[in-house]
Amino acid sequence: MTDPRAGGDSRDGAAAPAVVIGLGTEHRGDDSVGLLVARALRTRLAPPGAVLERSAEGTELLDLWDGRDLVVVVDAVQGGGAPGTVLRFEVGGEPLPAPLSATSTHGISLAQAVALGQTLNRLPRRLVIYGIEASAFAPGSDASPAVAGAVEPVARMVEEEFRRHGGLDRGATPGGPADA
Amino acid sequence: MTDRTIAVDYLARVEGEGALRVRIHDRSVEEVELKIFEPPRFFEAFLRGRSYLEAPDITARICGICPVAYQMSACHAMERGLGLTVSPAVRALRRLLYCGEWIESHALHVYLLHLPDFLGYPDAIRMAKEHRGAVEKGLALKKVGNAIMSLLGGREIHPVNVRVGGFYRCPSREELETLRPQIVTALGLAEETVRLTAGLPFPSVEEEYEFVSLRHPEEYPMNEGDIVSSRGLRIPVDRFEEEFEEFQVPHSHALHARRRNGGSYLVGSMARYALNRDRLLPKADAIAREVGLEPVVRNPYRSIVVRAVETVQACEDALRILDAYRPPDRPWVEPTGALKPGACVAATEAPRGLLFHRYRLDATGLIQEARIVPPTSQNQKRIEDDVRDVVGRSLDLDEAGLTTECERAIRNHDPCISCATHFLTLDLVRSGGP
Chain A
20 MTDPRAGGDS
30 RDGAAAPAVV
40 IGLGTEHRGD
50 DSVGLLVARA
60 LRTRLAPPGA
70 VLERSAEGTE
80 LLDLWDGRDL
90 VVVVDAVQGG
100 GAPGTVLRFE
110 VGGEPLPAPL
120 SATSTHGISL
130 AQAVALGQTL
140 NRLPRRLVIY
150 GIEASAFAPG
160 SDASPAVAGA
170 VEPVARMVEE
180 EFRRHGGLDR
190 GATPGGPADA
Chain B
134 MTDRTIAVDY
144 LARVEGEGAL
154 RVRIHDRSVE
164 EVELKIFEPP
174 RFFEAFLRGR
184 SYLEAPDITA
194 RICGICPVAY
204 QMSACHAMER
214 GLGLTVSPAV
224 RALRRLLYCG
234 EWIESHALHV
244 YLLHLPDFLG
254 YPDAIRMAKE
264 HRGAVEKGLA
274 LKKVGNAIMS
284 LLGGREIHPV
294 NVRVGGFYRC
304 PSREELETLR
314 PQIVTALGLA
324 EETVRLTAGL
334 PFPSVEEEYE
344 FVSLRHPEEY
354 PMNEGDIVSS
364 RGLRIPVDRF
374 EEEFEEFQVP
384 HSHALHARRR
394 NGGSYLVGSM
404 ARYALNRDRL
414 LPKADAIARE
424 VGLEPVVRNP
434 YRSIVVRAVE
444 TVQACEDALR
454 ILDAYRPPDR
464 PWVEPTGALK
474 PGACVAATEA
484 PRGLLFHRYR
494 LDATGLIQEA
504 RIVPPTSQNQ
514 KRIEDDVRDV
524 VGRSLDLDEA
534 GLTTECERAI
544 RNHDPCISCA
554 THFLTLDLVR
564 SGGP
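Residue numbers (the working numbering), protein chains in the order written: chain A, 20 to 199; chain B, 134 to 567.
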């Protein structure tokens, strides 16, 4: 299918490889946590294109999701829990639970992008969202210790998602997407 | 007399977040306050002591939607101060990159943020259930903008390929040509967008705006030109601060802007179009004529048509740049000899309007002072004026209706509050009779 909506980083052919997308904003305290998780995973997940960093603008996510088997999104959330608390949710047909809806937004938030993806049938086959409770967003600050402390545990959880999915093995296969 | 309060905690469909407070007493609008925080102030401090080479990448972080605008204003400011002249090919590539950002930003606002107001939906998701084709069209158009930014910027959201003096790497002609089929498609989609938006129902409202934008001798303005206004002002960009002032208001962390000895003014697509209608390329001009778009649009709701016309303009411009492109001999130029920086000043046209940067460097090229005036800061006062007018016209509406009208008045100007803030809440207070 030559779908013009195919994922931006995907190649023609079968389902595009699994990706993890770290969402966040640099220099805005805890809002950078999704980016930090992505950076922690950069050398640990194959293929090299499996790790993406983005500033949250929801509609771009639709393009990145399209045609993929597995997408893991990591973002800061404000759900009222203790900073550093990790929430995991696998998207089905229902809206995101309230804490995950409270991700930082641009015009179209992550929760809205999920809803739009559901409406337009543009979700990946599996979409897993990790939300890390965040509380400090002062411009110029780094992630707070509690939130930074969640980076490595979440990175390991994402690795495990990939392992269960087979992404680690598949990515290392000669001639596979790793060569792209 | 009874007091009435309307509070809405979240104003949807604007970029970023902020707060609006409206106070009505009897039948008079006593107070309209748009409150936004302002990262640019933080970034001004953050830039001090950094190399002039870092300004484009650091300022690009101010806004997730218009990073190119920040890069362009920063690069042009440094190059003017350092006396660097970029090659015509680099100049063209920068314009192409900016076209990508305009297409991306306008497509997002027109289809996903603004259109639901006209079709009667609370958001794009519910609109997508019944107008799937429109949303798909918007996403497809936006994706072409992303593709241009990705090719020239290295990454879709925060381009990292731009530098003072040019680009770290310039694409080959073949690489650039890969964009052509997508841009041709986008041009057609953009023309359809003009027809679609021109047919929407518009409230019959006219505002008395002072429009402010760049004006270039030959081109629809992006990276170069004098600053002009619809009240006859014409100044080189380095005189911006003589004619426009920022001032502190108690209710907002952000500075507001006004004409010195004057009032509010408007930057952005309506201003650019009003002041540069004669600079549109043939297809953009033709489609504007076809739908009967007036040469000066004073109805803020019709800004959606203007953004659509500017999207045609950006696609058409991008194709012209592709036609003429030959890679430059050198991707960038550097200052030669000792740095003798003068005033590093530039203004470029972000999708949302004039973005002014001024820097002062020391002899080693470290930034001593930075001044950044984003378009949304400049429009804040004017947006408040629009809200005041709409509330004054809509006093008989119930709270929900009035709130919707306030939100629409704000969205008409596509405020990029992420350049300035995180959360926008609406607080409507009525005292006296309804």
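Note that these hints are calculated values from the structure, not bench results.
The structure presented is a predicted model; accordingly, all values stated were derived computationally and were not measured.
Using N, Cα and C, we set each Cβ at its ideal position, and we do this for glycine too.
Hints should not be assumed to be uniformly reliable.
Stated by the list, open to error - If you anchor each label on the Cβ, the simulated ranges turn out as follows:
| # | chain 1 | residue 1 | chain 2 | residue 2 | range |
| --- | --- | --- | --- | --- | --- |
| 1 | A | GLY100 | B | GLU163 | 49 to 59 Å |
| 2 | B | ARG181 | A | GLU171 | 28 to 38 Å |
| 3 | B | GLN381 | A | ALA155 | 17 to 27 Å |
| 4 | A | ARG61 | B | ARG302 | 19 to 29 Å |
| 5 | B | ALA457 | A | ALA34 | 33 to 43 Å |
| 6 | B | PRO221 | A | ARG183 | 50 to 60 Å |
| 7 | B | ARG526 | A | PRO114 | 31 to 41 Å |
| 8 | B | GLU263 | A | ARG183 | 47 to 57 Å |
| 9 | B | VAL338 | A | ARG183 | 48 to 58 Å |
| 10 | B | PRO221 | A | GLY99 | 29 to 39 Å |
To be verified - So, partial list: chain B residues that the calculated Cβ filter (under 7 Å) puts toward chain A:
| # | residue |
| --- | --- |
| 11 | GLY197 |
| 12 | ALA261 |
| 13 | LYS262 |
| 14 | LYS270 |
| 15 | LEU272 |
| 16 | VAL429 |
Right, here's what the structure says about each hint:
1. One distance hint, 49 to 59 Å for the beta-carbon pair GLY100/A and GLU163/B, is violated here, with the actual separation near 40 Å.
2. Checking the proposed 28 to 38 Å range against ARG181/B and GLU171/A shows it holds: the Cβ atoms sit about 33 Å from each other.
3. Distance hint check for GLN381/B and ALA155/A: the Cβ-Cβ separation is about 25 Å, which falls inside the suggested range of 17 to 27 Å.
4. For ARG61/A paired with ARG302/B, a C-beta distance near 22 Å keeps the hint of 19 to 29 Å intact.
5. Distance hint check for ALA457/B and ALA34/A: the Cβ-Cβ separation is about 40 Å, which falls inside the suggested range of 33 to 43 Å.
6. For PRO221/B and ARG183/A, the Cβ-Cβ distance of about 54 Å falls inside the hinted range of 50 to 60 Å, so the restraint holds.
7. For the hinted restraint 31 to 41 Å between ARG526/B and PRO114/A, the CB-CB distance of approximately 36 Å keeps it satisfied.
8. Our hint of 47 to 57 Å for GLU263/B and ARG183/A is violated, since their Cβ atoms are close to 38 Å apart.
9. Range check, VAL338/B to ARG183/A: about 57 Å between beta-carbon atoms, so the 48 to 58 Å window is met.
10. Take PRO221/B and GLY99/A: their Cβ atoms lie about 55 Å apart, and the range 29 to 39 Å is violated.
11. Restraint check, GLY197/B versus chain A: the minimum CB separation of about 4 Å is within 7 Å; hint holds.
12. Of the supplied interface hints, the one on ALA261/B holds, with its beta-carbon coming within about 5 Å of a beta-carbon of chain A, less than 7 Å.
13. With a cut of 7 Å, the hint placing LYS262/B at the interface with chain A holds, because the nearest CB-to-CB distance is about 6 Å.
14. About 11 Å separates the beta-carbon of LYS270/B from the nearest beta-carbon of chain A, more than 7 Å, and the hint is not met.
15. For LEU272/B, the suggested interface contact is upheld, since its CB lies about 6 Å from the closest CB of chain A, less than 7 Å.
16. Below 7 Å, beta-carbon pairs count as interface contacts, and VAL429/B has none with chain A, the closest being about 28 Å; its hint is therefore violated.
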